[in-house]
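Visitor: Turn these sequences into a full structure, and let the hints steer you where they fit.
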Amino acid sequence: MRHSRSHSKSPATRGSIAARTAGIVLVSTLALTGCTYPGATTGSVFDSAVVAPEAAAPEAVAQAPKNFSDSSTQLSTPEQLSTPSKATIKSPVRLDIPAPTADKGGELRSPKPTETARSSDSALADEVRPDKQPLASEAAVEPGPEADVDKAQPADAADEAASKDQSLATAPADSETPVLPAVAASSDAEPRGWGWRAPIDRRPKPTPPVVTPVEPVKPVDPPQEPVDPPAEPVKPVDPPQEPVDPPAEPVDPVEPPATEPPSDRAALVTGTYQPTQSTTGTVAGTTLTPYNTSGADLVITQDGTVLENLEIFGDIKIRAKNVVIRNSLLRGGSHAPGNATGIVDATSAAVSNLVIEDSTIKPDRPHHFRDGIVGHDYTAKRNHISHTNDGLGIFNRPGGSTAANVLAEGNYIHTLTYFDWSPSHSDGTHNDGIQVQGGENIRIVGNNIDASSVAGAGSSNGPRVPHAGIAIMLQQNVAKLANVVVEHNWVDNGQTSINIANGKYPNITVTVRENHLGRNQLDYGNGSKYPIRIIQRSASTVHGLSTNRWADTGELLREGADLGIRFNG
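To convert, take the position in the sequence shown, counting from 1, and add 9; that gives the numbering used here.
These aren't lab readings, by the way, just hints derived from the structure by calculation. Where hints are given, some of them may not hold.
[To be verified] No more than 35 Å apart at the CA atoms, straight line, and that leaves these computed lysine-lysine pairs for DSBU-like:
| id | residue 1 | residue 2 |
| --- | --- | --- |
| 1 | Lys489 | Lys513 |
| 2 | Lys489 | Lys330 |
| 3 | Lys371 | Lys489 |
| 4 | Lys513 | Lys326 |
| 5 | Lys489 | Lys538 |
| 6 | Lys330 | Lys538 |
| 7 | Lys326 | Lys489 |
| 8 | Lys371 | Lys330 |
| 9 | Lys371 | Lys326 |
| 10 | Lys371 | Lys513 |
Nothing here was measured: the structure is a model prediction, and the numbers come from that model.
Guide: Rendered as C-alpha cells:
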C-alpha cells in the first residue's frame, strides 16, 4: 500500500525519514572509506573498529572527503592511508535497525527506527558537519506545498532504499570479517549533501565508440586561386618612342636588287627593280629567225600581225591595229632616212594598241634621223634600246586626237649616238632617252635611262660628250601635255636628267615622283648640275617633285644649285 502525498507531515513521520536517511549515510560513509567491521548485523554496536589501509578501495578513497575532524570522530585522509598506519573510529555509534516486516499484501516494509537510532543519526550528522550548516535535504523539508519532502522521494522508494542499505550492511554467515563493497560516487551526479544518497547503479557503463578521424579526400586537381590582375598595367622598361612619321613616299632601293630577277619576266613587277640587260631585250637562249633581210622598210598593214622570235632587218612602218612585236632583234634600215623616223614608226593615224616587248633595238646604221620607237598609241615594255638618236619619241598625231596613249615601262635605254650636225640644232644632235613633245595619257614607269652618248660615224665628239642630251624630256612642242606621269624610274647622265619646259603653251602640268636620280649630269662649271631642271617656275606645276631621291643615298632632292632641283626662272 503506497503512501498518499500530503502537504503536512507529523513529527513522527519526519523522524522516521531522518532515521532512514542517517542509516544510509553511515553505511555509505563506511563503504567509501573502505572500513571493515566484525559482526555487522541488525542491531550491532561498533565499539571500536580498526581499518587497515590496504583494505580500502582506491576508487572509494578517491571519492571520500579529505578530512573529517571532530572531538569524537576522526577519519584518515587518502594521504594518510598511503602510510602503514591505522584509522580509528574513536566514538562508538549505536544504530538499531529493526528487521523488516510484511504488510497485509505481503510486501516487505521497513519498520520505523527507534528513538535511539534517531539520536544516533543526529549525533553522527553533527559530528560529520562541524560547521553545523543545514543539509540540502533538511533545507528542503519545510512546511508548505513547495517544500514537502515526500515530493522529493515517495514513501515506497524510501523504504526500498533502506532495505537495500540494510542488506548491504549484513555480512554473509560464512565470513569472519565481511567487507563492505566500495561504491564510488559518480562524478556526474549532482551533489546533494551528506543527508542524501543516490541509488547505486551497478550496470556497466557503455563503452564510448571509438571514432577514427578520416582525413578528407583531397581533390585531384584543386582549382587554383584566380590570379588577380595588376591594378595598373605594367609599364615596359623602355617605353616605345613616338613613331617617326614615314616619308611622304616610300623609299625605293638605291641599287638594283642583289638577286637576279625571276627568269619568267611575266613575274617582274615594274618599278620594284632597276632594269638591266638581263631583264630587257630578247630572252637569252632564244633562236631568232632572220626576217626581211633586204633591209628595206617593212610596212605592216594587217591588223593583229605578230612578229615574234625574229631578227628583223629594215625600219618597220606600222599601219594597222593590234600589232605585236615580241622577243625579236630589230636592226633597222641599211639606208639613211630622209626625215625623222624610228626603227619602229607608229605615227600613222591607223596605229592603235601597238605592243613592242622583250625586244632589242639597235640599228646597224645609226643616223641623226633614226630613233628607236616614235609615235602614239603604243606600249614599249622591257626593251633594250641603244645607239639610236633618241630612245623613245612620244607625241600625239598632229591634226588628230590629242591623246598620245603611250606606256613605257621596264625599258633599259643607254649609249645614244651623237652627231655633230643636225638640221634641228646648230650644236649637233640633242640625244634624249625619252622625249615627250605633246599629248595626253602618257605613263613612263620603272625605266632605267642613262643619257650618255657616243659619236656617230663622221662626227667628232661634241663639247658635251658624253652628256649629249636629256634622259627624260617633257616639252609641249606638238600639243599640250595632260595626264602625264613619270615615276619609279632610274635616271642619270645627260645635260639634264629630267627636263620640264612649257614650250609653245603658257603652262605645263605633269607628275614627276619617286624617281631615283644619279649624279653624272653635265657640269656647267663650279659643280653646277641639273638633275631635275624646270625652265619656268611660274608656268610649271609639277606634282610629287619633293618625293624624288638620290639613287646612291636615298636622300630626298631639294631645291638648290647642287641639291637636285633647279628652276631657271
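Visitor: Each of the hints needs a verdict: does it hold here or not?
Guide: Each hint tested on the structure:
1. Lys489 <-> Lys513: Answer holds: Lys489 to Lys513 is near 8 Å, not above 35 Å.
2. Lys489 <-> Lys330: Holds - the C-alpha atoms of Lys330 and Lys489 are around 25 Å apart, at most 35 Å.
3. Lys371 <-> Lys489: Holds: Lys371 and Lys489 sit about 31 Å apart, inside 35 Å.
4. Lys513 <-> Lys326: holds, 29 Å
5. Lys489 <-> Lys538: holds, 28 Å
6. Lys330 <-> Lys538: Violated. Lys330 to Lys538 sits at ~43 Å, over the 35 Å cutoff.
7. Lys326 <-> Lys489: Holds, at about 26 Å.
8. Lys371 <-> Lys330: Between Lys371 and Lys330 the Cα gap is close to 24 Å, so the pair holds against 35 Å.
9. Lys371 <-> Lys326: holds, 16 Å
10. Lys371 <-> Lys513: Holds. Lys371 to Lys513 sits at ~32 Å (cutoff 35 Å).
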